[in-house]
Each structure stands twice: as C-alpha cells, then as structure tokens.
Amino acid sequence: MAQLFRPSSNTIAKVSIAFVVLLAASTLAVAYIMDRGPWITDVRVAPEQPVYFSHKHHVKDDGIDCRYCHTGVETSHFAGLPPTETCMTCHSQIWSNASVTQPIRDSWTSGKSIAWTRVHDLPDFVYFNHSIHINKGIGCSTCHGQVQDMPWVYKVNTLYMNWCVNCHRNPAQFIRPKSEVFNMDYKYPSDQAQLGAQLVKEYHVQSLTDCTTCHR
Amino acid sequence: MFRRKSAWVVVLAGVLGASACRNDMHNQPRYKTFAATDFFGDGRSERPTIEDTVARGQLHLDEARYTGKVNGKDVDYFPIQITKADLERGQERFNIYCSPCHGRLGNGHGMIVGRGLRQPPNYTDPRLMDAPVGHFFDVMTNGYGAMYSYASRVANDDRWRIAAYIRALQLSQNAPPDLARQQQTRNLRTGQGGPAGGMK
Chain A
1 MAQLFRPSSN TIAKVSIAFV VLLAASTLAV AYIMDRGPWI TDVRVAPEQP VYFSHKHHVK
61 DDGIDCRYCH TGVETSHFAG LPPTETCMTC HSQIWSNASV TQPIRDSWTS GKSIAWTRVH
121 DLPDFVYFNH SIHINKGIGC STCHGQVQDM PWVYKVNTLY MNWCVNCHRN PAQFIRPKSE
181 VFNMDYKYPS DQAQLGAQLV KEYHVQSLTD CTTCHR
Chain B
1 MFRRKSAWVV VLAGVLGASA CRNDMHNQPR YKTFAATDFF GDGRSERPTI EDTVARGQLH
61 LDEARYTGKV NGKDVDYFPI QITKADLERG QERFNIYCSP CHGRLGNGHG MIVGRGLRQP
121 PNYTDPRLMD APVGHFFDVM TNGYGAMYSY ASRVANDDRW RIAAYIRALQ LSQNAPPDLA
181 RQQQTRNLRT GQGGPAGGMK
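Line by line, the protein sequences are chains A and B.
Each residue of the first sequence is one higher than the one before, counting from 1 in my numbering.
Each residue of the second sequence is one higher than the one before, counting from 1 in my numbering.
There may be inaccurate statements among the hints.
Unchecked claim - Mimicking BS3-like on lysine-lysine, the simulated pairs with C-alpha atoms at most 25 Å apart in a straight line are:
1. A/Lys-155 with B/Lys-32
2. B/Lys-84 with A/Lys-136
3. A/Lys-136 with A/Lys-201
As the list claims (entries may be wrong) - According to the in silico footprint, chain A covers these stretches of chain B (three or more CB under 8 Å from chain A):
4. 27-34
5. 39-50
6. 67-73
7. 91-98
Worth flagging that the hints you see were computed from the coordinates, not collected in a lab.
Idealized CB from N, CA, C, for every residue including glycine.
Whole structure, please, built from the sequences with the hints as guidance.
Here it is, written out as structure tokens:
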C-alpha cells in the first residue's frame, strides 16, 4: 500500500497551521481597521453641506471667534448652530449677490432654516455637554482638531467610548489653561504632565468614569 | 468537516457584525437639539415661544436695565454695577461680537470691513463720545442702520458690560483732560450706576 502521507505533507501541515493563524489574525485586523477606519466612523470624511461654508475662510482668514456663531458652547450642552440672521449680519452686505450665498438669502426671505448635515452625532443613549468641558479647560481643538483649516468640517476623533473614557480617566493629559480654550493653535507644553496636574487641582477637575456620567 | 466550516462562518459573521452594525438604539424616536421634523409646517422641532410668554426669570420690569431707556430717552448711567471684572467681561464679549467689524480698538477698521462691509464710525467720533451709554445699549439691542441686532447672542447685562468697555476704549484713546472727571460727576449726579468709580 502506498503511503498515505508523502514527506511534503509535513510542510503542508506546517504552512496550513501558519495560514490559519494568519487568517484569524488578519480577519481581526480587518475588522479592527474597519471599525476604527473612516468607512464606519466617518473620521476625516466631510459630508456634503447645503451651503459651501468654510471655517478656513471665516475663522482663519477673517478671524471670527467660534462664539460669534456657536453661541451656546460656554453655557449649554449644545454648541449651537448659527441662525440665518447671524450669516446675514455680514452677508446682507458682502458677497450679497454671489450664487454661493444664494441659499442664505433664500432662507432669510422664506424663513426656512438652512438644514446643515450633522458631522458629529453621538448615539442617542449618550449624554454629552459642551459647557462643562469648556469651563474646565478642555479646548475645542482637543476634540475637534484644526477646524480653522477645514473648508468642510470633518471629525478627527471617533467619538467612541474609549476615546471619551481615556480622557475622563486622566484629564491631566489634555487640560489647558481656561484662557486658551478657544485658541485653535494651542500647543501642549513639554511639561504637560506637571502643568496638567496643577490645572486639574486648580479647577477641581474630577475623574468621571461612572457609567451614569454619560449614560443617564 | 462541515461543522468546522460553518463554525468559522459564524465566527467571521460575528466579528464583522459586532464591528459594523449601528443598531436601533443609536437613533431613538426623539429629537436632538435643532433636529428637523416633518410634523410642523416650518420643519423645526424647536418651537418658538408663544407671543407674550414670560419665562421664569424673564419678567423684565426694570425699564432702564432691559431697554436702556427711561421715558423713551436713552439713559446716561449704568443700571447694573460695573466692577473691574465686569469691564473685563465686556472686553472679552466685545472682542468676540464686535471686533470683526469695529476692530479691537473700536476705530471701525475690523477685518470684515477690509472685505467690503460698510465702514462703521470710529467710537471716538465726537457724536459718539457725547452719546449717553444707553445709546450703545440700544444699538446692540435693536441694531442701527446697516448693523443688525445682537440681542439674541449677547445677554442683556453683557450688553451693559460691553457699553462700559466701549466707554473705556473711548477714554483711553481720546480723553480730553477733564472728561473722565465729567463722567464721574455725571454718575454722581444721577446717583445711580453703582459707585462713581464704576469705570475702573
């Protein structure tokens, strides 16, 4: 009787063990990348908006403060999106005949809101509040990135729970002086660990990791 | 053999499923702030308040404080007390809401003016130097000519703080020797607006 297994079977067996391990690892890797990548999280994907509104032009080139438009950010959970009237304070006079600003005038005359597409959208079972973060020294750019360089806004963070909790466990990593919260060009100093710990003490920042902080 | 294959399929589907699916709880049948609705004709889930509604804490009986006028005339004193902290708050608010057009010095050379907006007057214009503080409050509250109202974005008392800061800008740039003193005596005469040193 011929031999059931040829010598080459040894190699095949070894290779297939390696193959199975690789397959399992790569499946997990693909799943992980998909989970964290733009395909699922929309990170760095800017959705289409009804008006070509550019933060780059308005914030960086024209020097307008975030709060001129996002008025709620210091006092409420919601940062607030500007009503058409806010656009009109300038665009009643400048770019007032351009076709790119036509939707603003249409909205103004018809009284219908401009329907912006949400870029950041937490699941409805998560509670988030801007004002507490702003008032405890967490800057816009820590969470939203360099918005002043974005012609169209996109997310720079996943907004996944591990992202929130990473900071909540140890806010000293990311805290900055309150006077710098709106400074979009803020750079963390090299002694952040030290400064952070000091600010955490000064502002009485707690480490909020109870589930009920965010799921209430 | 078959059992093993199908086990792999299940594991694979499980891994992909767990990573990829947003389930129903992510979007629950409630409105987030500003969300659109097709229930109301104007498409807004945010409802405007019914006319003549007075919310708690918004019964504004102090005419001077909430309209800047008494008997239809602009008041010439601060109806709230202005301390150093208030002045700093005024400066911050001014730089956010006014400086794009009026410039940080209030000279009318803001960034947006360079892009084609009508040039606002310099605050050191003699007419504005003499204007009562109530006028500044009124301009912010109701708008003025080409300038829109800022009442929806700048809280009532913050408008007084900005007015105080504008006074400080005026005085710091263009103080005729006795103006500061005049202002103080004016405050003393009316006996209001907190201590005469309110501009500190």
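Do the hints match the structure? See the list:
1. A/Lys-155 with B/Lys-32: holds (19 Å)
2. B/Lys-84 with A/Lys-136: Satisfied, since the Cα-Cα distance of roughly 23 Å is no more than 25 Å.
3. A/Lys-136 with A/Lys-201: holds (11 Å)
4. 27-34: holds (count 6)
5. 39-50: holds (count 3)
6. 67-73: Violated - the region 67-73 of chain B has 0 residues with a Cβ nearer than 8 Å to chain A, which falls short of three.
7. 91-98: This one holds; 3 residues, not fewer than the three required, reach chain A with a Cβ under 8 Å.
Checked against the numbered hints listed earlier, the structure breaks hint 6 alone; every other hint is satisfied.
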